[in-house]
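Undergrad: Chains as they are written, first to last, in our numbering: chain A, 73 to 490; chain B, 73 to 490.
Because the hints were derived from the structure by calculation, they are not lab data.
Since we're looking at a predicted model, the values are computed, not measured.
Certain hints may be false.
Claimed, not checked - Partial chain A-side listing against chain B, Cβ under 7 Å, derived:
1. His227
2. Arg291
3. Ala312
4. Lys314
5. His316
6. Glu431
7. Thr461
8. Leu464
Said to hold, decoys possible - Here are the simulated DSSO-like pairs of lysine-lysine, each with C-alpha atoms no more than 30 Å apart in a straight line:
9. A:Lys181 to A:Lys483
10. A:Lys356 to B:Lys174
11. B:Lys133 to B:Lys483
12. A:Lys174 to B:Lys314
13. A:Lys314 to B:Lys348
14. B:Lys356 to A:Lys314
15. A:Lys483 to B:Lys181
16. A:Lys348 to B:Lys314
17. A:Lys181 to B:Lys181
18. B:Lys483 to A:Lys181
19. A:Lys314 to B:Lys314
20. A:Lys174 to B:Lys174
21. B:Lys483 to A:Lys483
Think of the CB as a built atom: it goes at the ideal place given N, C-alpha and C, for glycine as much as any other residue.
Number of protein chains: 2
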Amino acid sequence: MEIATHIEQMARAARAASPLVANAPVDQRNAALLAIREAIAEDREAILSANEKDLEQGRIKGLDEALIDRLALNPARLDAVEEGLAQVAALADPIGAVSGLKTMPSGIKVGTMRVPLGVIGIIYESRPNVTIEAAALCMKAGNAVILRGGSEAIHSNMQLGASLASGLLASGLPEAVAQVVPVADRAAVGALLGLSQYLDLIVPRGGKGLIERVAAESRIPVLKHLDGICHVYIDVDADADKAHQIAINAKTQRYGTCNTMETLLVARERTELLPKLVAALQAKGVEVRGCARSRSAAPAITLDAVEADWGTEYLAPILAIRVVDHVQAAMEHIAAFGSDHTESIVTENEATATRFLREVDSSSVMHNASTRFADGFEYGLGAEIGISTDKLHARGPVGLEGLTSQKYIVKGDGHIRQ
Amino acid sequence: MEIATHIEQMARAARAASPLVANAPVDQRNAALLAIREAIAEDREAILSANEKDLEQGRIKGLDEALIDRLALNPARLDAVEEGLAQVAALADPIGAVSGLKTMPSGIKVGTMRVPLGVIGIIYESRPNVTIEAAALCMKAGNAVILRGGSEAIHSNMQLGASLASGLLASGLPEAVAQVVPVADRAAVGALLGLSQYLDLIVPRGGKGLIERVAAESRIPVLKHLDGICHVYIDVDADADKAHQIAINAKTQRYGTCNTMETLLVARERTELLPKLVAALQAKGVEVRGCARSRSAAPAITLDAVEADWGTEYLAPILAIRVVDHVQAAMEHIAAFGSDHTESIVTENEATATRFLREVDSSSVMHNASTRFADGFEYGLGAEIGISTDKLHARGPVGLEGLTSQKYIVKGDGHIRQ
Numbered sequence: 073m074e075i076a077t078h079i080e081q082m083a084r085a086a087r088a089a090s091p092l093v094a095n096a097p098v099d100q101r102n103a104a105l106l107a108i109r110e111a112i113a114e115d116r117e118a119i120l121s122a123n124e125k126d127l128e129q130g131r132i133k134g135l136d137e138a139l140i141d142r143l144a145l146n147p148a149r150l151d152a153v154e155e156g157l158a159q160v161a162a163l164a165d166p167i168g169a170v171s172g173l174k175t176m177p178s179g180i181k182v183g184t185m186r187v188p189l190g191v192i193g194i195i196y197e198s199r200p201n202v203t204i205e206a207a208a209l210c211m212k213a214g215n216a217v218i219l220r221g222g223s224e225a226i227h228s229n230m231q232l233g234a235s236l237a238s239g240l241l242a243s244g245l246p247e248a249v250a251q252v253v254p255v256a257d258r259a260a261v262g263a264l265l266g267l268s269q270y271l272d273l274i275v276p277r278g279g280k281g282l283i284e285r286v287a288a289e290s291r292i293p294v295l296k297h298l299d300g301i302c303h304v305y306i307d308v309d310a311d312a313d314k315a316h317q318i319a320i321n322a323k324t325q326r327y328g329t330c331n332t333m334e335t336l337l338v339a340r341e342r343t344e345l346l347p348k349l350v351a352a353l354q355a356k357g358v359e360v361r362g363c364a365r366s367r368s369a370a371p372a373i374t375l376d377a378v379e380a381d382w383g384t385e386y387l388a389p390i391l392a393i394r395v396v397d398h399v400q401a402a403m404e405h406i407a408a409f410g411s412d413h414t415e416s417i418v419t420e421n422e423a424t425a426t427r428f429l430r431e432v433d434s435s436s437v438m439h440n441a442s443t444r445f446a447d448g449f450e451y452g453l454g455a456e457i458g459i460s461t462d463k464l465h466a467r468g469p470v471g472l473e474g475l476t477s478q479k480y481i482v483k484g485d486g487h488i489r490q
Numbered sequence: 073m074e075i076a077t078h079i080e081q082m083a084r085a086a087r088a089a090s091p092l093v094a095n096a097p098v099d100q101r102n103a104a105l106l107a108i109r110e111a112i113a114e115d116r117e118a119i120l121s122a123n124e125k126d127l128e129q130g131r132i133k134g135l136d137e138a139l140i141d142r143l144a145l146n147p148a149r150l151d152a153v154e155e156g157l158a159q160v161a162a163l164a165d166p167i168g169a170v171s172g173l174k175t176m177p178s179g180i181k182v183g184t185m186r187v188p189l190g191v192i193g194i195i196y197e198s199r200p201n202v203t204i205e206a207a208a209l210c211m212k213a214g215n216a217v218i219l220r221g222g223s224e225a226i227h228s229n230m231q232l233g234a235s236l237a238s239g240l241l242a243s244g245l246p247e248a249v250a251q252v253v254p255v256a257d258r259a260a261v262g263a264l265l266g267l268s269q270y271l272d273l274i275v276p277r278g279g280k281g282l283i284e285r286v287a288a289e290s291r292i293p294v295l296k297h298l299d300g301i302c303h304v305y306i307d308v309d310a311d312a313d314k315a316h317q318i319a320i321n322a323k324t325q326r327y328g329t330c331n332t333m334e335t336l337l338v339a340r341e342r343t344e345l346l347p348k349l350v351a352a353l354q355a356k357g358v359e360v361r362g363c364a365r366s367r368s369a370a371p372a373i374t375l376d377a378v379e380a381d382w383g384t385e386y387l388a389p390i391l392a393i394r395v396v397d398h399v400q401a402a403m404e405h406i407a408a409f410g411s412d413h414t415e416s417i418v419t420e421n422e423a424t425a426t427r428f429l430r431e432v433d434s435s436s437v438m439h440n441a442s443t444r445f446a447d448g449f450e451y452g453l454g455a456e457i458g459i460s461t462d463k464l465h466a467r468g469p470v471g472l473e474g475l476t477s478q479k480y481i482v483k484g485d486g487h488i489r490q
């Protein structure tokens with residue numbers, strides 16, 4: 073069968089299954105999650121041997137060690153997948169609650185009810201764990217889901233897809249609620265992205281190349297962020313110790329995450345903080361690049377930061393530092409070079425903090441806190457399907473609610489419009 | 073200058089102006105709305121004579137009477153435009169409020185702040201009033217706006233654009249906060265719809281042809297509905313009088329609106345209601361088309377409803393009636409033929425009502441109320457920029473809040489992630 077035809081059949085099946093999962097009571101959705109957990113426990117051997125096949129082919133293809141590591145499943149990782157299913161099952165049901173019911177002058181009562189989105193497509197790279205984690209969140213929110221992992225993980229993903237199917241069947245839901253695309257060919261992605269009549273949302277997870285391609289090709293709305301060029305601004309009124317701790321944490325707590333600081337902005341009156349901070353960063357192995365003013369304040373900075381540095385997400389132990397004249401200049405730098413992800417101000421001045429929180433146009437804006445907190449778990453969402461830097465629908469870390477919509481509910485007693 | 077270059081300059085100017093209106097205090101945004109109101113009052117003669125030019129050209133082009141009427145401005149309509157500006161100025165400020173601030177286990181406080189979307193494009197047809205009404209809502213929500221009306225209203229719209237500009241300047245905001253595209257050429261629309269780097273949202277207002285074209289061409293998210301094929305379902309447990317009143321009101325209160333009922337579904341046990349209902353509808357001049365079962369229950373129905381009727385938005389005094397076996401069949405009919413706009417069930421059975429409210433996947437779902445209530449004013453939104461039948465971002469009648477986004481706000485006191 074042609075790939076496009078096959079993908080369309082899957083999408084049509086997902087659309088047909090979506091009212092069944094949407095209207096399933098939360099107990100049934102949770103039972104499905106727990107049945108999938110059991111299926112994975114029972115299928116462990118098959119999953120690990122399918123994964124071994126992927127790893128073998130990956131080594132033959134010469135995938136680098138980092139990729140091989142992300143591709144690998146092992147008992148500990150499967151434990152985490154199973155634990156994740158139990159956690160999602162334990163989350164509060166986001167569906168069906170009516171909120172804001174108010175009586176209008178006409179006498180009708182108007183409120184909104186939270187409902188599933190419908191059908192969600194997840195397009196992701198090497199980590200096969202995502203197959204189950206993403207499916208669980210989509211299903212908990214009452215959606216059908218189509219999962220399209222990387223070709224390098226095809227055997228693992230198809231085996232995990234079999235566990236999804238058996239868990240769904242055990243709980244009385246159709247298999248089409250969560251389907252793994254069984255085709256390694258890249259044409260499958262293009263076919264999926266055109267099916268706006270069947271899918272409501274696409275969530276790409278992976279590197280920037282994947283996300284750019286998905287965003288450019290998709291006829292379906294995409295929930296995404298491209299870059300995480302996050303800033304910390306040390307204000308003239310910053311507490312020295314908080315500034316030091318937050319800058320170190322935002323840069324070094326993890327290097328490869330999208331909420332890691334990539335550029336540090338420092339008010340020109342506070343360059344006295346730089347020597348100690350730069351020494352601490354360098355002691356942790358961070359390569360520091362500075363503008364002329366920061367280099368003259370901290371001669372230990374031996375590398376120039378050039379224009380290109382301001383727009384780079386290093387995802388590595390590298391930091392660019394720029395001295396700015398005031399909070400306004402810091403906000404202008406962020407507007408010019410940032411990626412609308414996460415920015416933080418360190419200051420004891422409430423008025424300056426309020427201005428920064430209000431005027432910086434990023435998905436997360438912080439005061440006296442490390443950018444590393446920009447995360448669904450840290451925000452109390454219970455889980456995270458991804459982070460959005462777009463402004464429509466969901467912005468910032470996206471949990472279950474971002475996988476839902478709402479509709480208006482009107483209650484009358486024979487009311488007619490005059 | 074090339075049209076595309078000109079449109080891009082306008083869009084870039086709007087993007088540059090958007091932080092200025094986003095960060096303007098609400099008093100300044102309201103002052104701008106009232107200054108525009110004053111400018112329109114002062115410019116009345118110029119506006120009416122520009123409109124006279126459009127009307128003259130419209131008559132020469134042979135526009136039909138309905139179009140000429142929608143194109144026409146007169147003192148009463150300008151009164152309404154001025155009153156509308158005052159009403160929008162009086163609405164609560166949707167911007168800047170922080171909600172849901174909660175302390176997390178880490179000690180940080182996390183909440184969300186409502187913020188403007190940025191730059192909004194409005195693409196509309198003949199009614200020049202929309203120029204001011206849409207601009208007012210966008211600006212109140214802190215957005216810059218680009219207005220592209222129909223070529224037949226170009227003189228009226230440009231003159232109204234001059235009033236917008238002078239009101240903005242009087243209140244200290246840049247003219248680029250609200251710009252009217254001064255080009256009648258249709259290429260201007262195509263150029264605008266490609267500028268996703270400058271615009272955040274497109275709102276098309278007009279006929280289905282316009283909206284389909286905008287949705288197909290746009291690289292920018294579009295807030296829209298295509299059809300309003302709205303249903304009333306008279307359930308087996310319906311109160312006879314409520315069913316009669318609601319059906320009459322939903323069909324006949326106005327014929328040309330998107331929330332008017334187009335198909336009536338009746339439970340097979342309640343066909344005894346049809347003769348009186350059909351007589352009342354026919355007395356009001358409604359052409360009734362029925363399925364075989366409804367025709368046999370009400371022989372006054374002389375026309376067959378065929379498959380094509382179920383999927384037609386008449387926008388006219390025509391109604392299709394279908395007898396169905398039960399609520400499940402009614403919901404299946406709605407899922408197959410509806411347009412996800414507004415559906416209402418008439419029943420005294422709370423369990424059936426709850427099921428209908430929960431399972432019908434439309435932007436408004438009603439119980440014992442006329443579909444004609446699906447409206448921003450009736451829902452207490454204060455005003456309406458349009459109705460969305462899509463599921464992302466905003467759904468149903470869209471007021472000021474749909475023209476905003478939110479961002480996460482994090483407050484710490486030197487908090488770092490462990």
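Undergrad: All hints are to be evaluated individually against the structure, with a verdict given for each.
TA: Hints versus structure:
no., hint, result
1, His227, "violated (34 Å)"
2, Arg291, "violated (9 Å)"
3, Ala312, "violated (11 Å)"
4, Lys314, "holds (3 Å)"
5, His316, "violated (9 Å)"
6, Glu431, "holds (5 Å)"
7, Thr461, "violated (10 Å)"
8, Leu464, "holds (4 Å)"
9, A:Lys181 to A:Lys483, "holds (5 Å)"
10, A:Lys356 to B:Lys174, "violated (34 Å)"
11, B:Lys133 to B:Lys483, "violated (61 Å)"
12, A:Lys174 to B:Lys314, "holds (22 Å)"
13, A:Lys314 to B:Lys348, "violated (77 Å)"
14, B:Lys356 to A:Lys314, "violated (74 Å)"
15, A:Lys483 to B:Lys181, "violated (37 Å)"
16, A:Lys348 to B:Lys314, "violated (77 Å)"
17, A:Lys181 to B:Lys181, "violated (34 Å)"
18, B:Lys483 to A:Lys181, "violated (37 Å)"
19, A:Lys314 to B:Lys314, "violated (66 Å)"
20, A:Lys174 to B:Lys174, "holds (25 Å)"
21, B:Lys483 to A:Lys483, "violated (40 Å)"
Consistency with the previously given hints fails for numbers 1, 2, 3, 5, 7, 10, 11, 13, 14, 15, 16, 17, 18, 19 and 21, ordered from lowest to highest.
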